[in-house]
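> Numbering-wise (numbering that gives the first Met the number 0), the sequence shown opens with residue 0 and increments by one.
In case anyone wonders, no lab produced these hints; they're calculated from the structure.
Treat the numbers as computed from the prediction; the structure is a model and nothing was measured.
A portion of the hints provided could be inaccurate.
Said to hold, decoys possible - Taking CB as the label site, the calculated pair distances span:
1. MET34 with GLY56: 30 to 38 Å
2. LEU127 with ALA35: 22 to 30 Å
3. ARG104 with VAL62: 54 to 62 Å
Each residue gets a CB set at the ideal place from its N, CA and C atoms; glycine is no exception.
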Amino acid sequence: MAHASAPARTSDQLAGDRTDLAATRTVMAADRTLMAWVRTALSMISFGFTIYKVLQGFTDAGVHLAHPNSPRSVGLFLTGMGTVSMVLGTLEYWRSIVKVAGYQRVSVWRPAFFIALVMTLSGSFVFLSIIIRLL
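Could you build all of it, start to finish, from the sequences and the hints given here?
Structure, rendered in structure tokens:
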């Protein structure tokens, strides 16, 4: 309920407020979506690296695996998919923020974007470390 002392707002002012709120909700939704990409990528990268290291440990201990290249293949696949999904999620986020920036001043350098960049670099490092072990 409006106070009697509050000045009446024009329809242009109300429309501007609604546009600002919609842009804010869109940015928050983009942040949440990017964090979901981060969680998914982190799961794939860490699971792939863990499988690789555990099965490599079995091989180093002298256990004969039916498919000796499967630890590397599974590890490479999962870390590669996690890294690719992180890159794709980050690009999608970037496009969303640039689109919203046409309506409201917003910086792409938000915490979710910073975390996504760290995850992209980490995933790339893990993926490359597995490949280097193959050589």
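> All the hints need checking, so say for each whether the structure fits it.
Hints, verified against the model:
Evaluation of the 30 to 38 Å hint for MET34 and GLY56 yields a pass: the beta carbon distance comes to about 32 Å. Between LEU127 and ALA35 the beta carbons are some 25 Å apart, a value that agrees with the proposed interval 22 to 30 Å. ARG104 and VAL62 have their C-beta atoms about 59 Å apart, which keeps the hinted 54 to 62 Å range intact.
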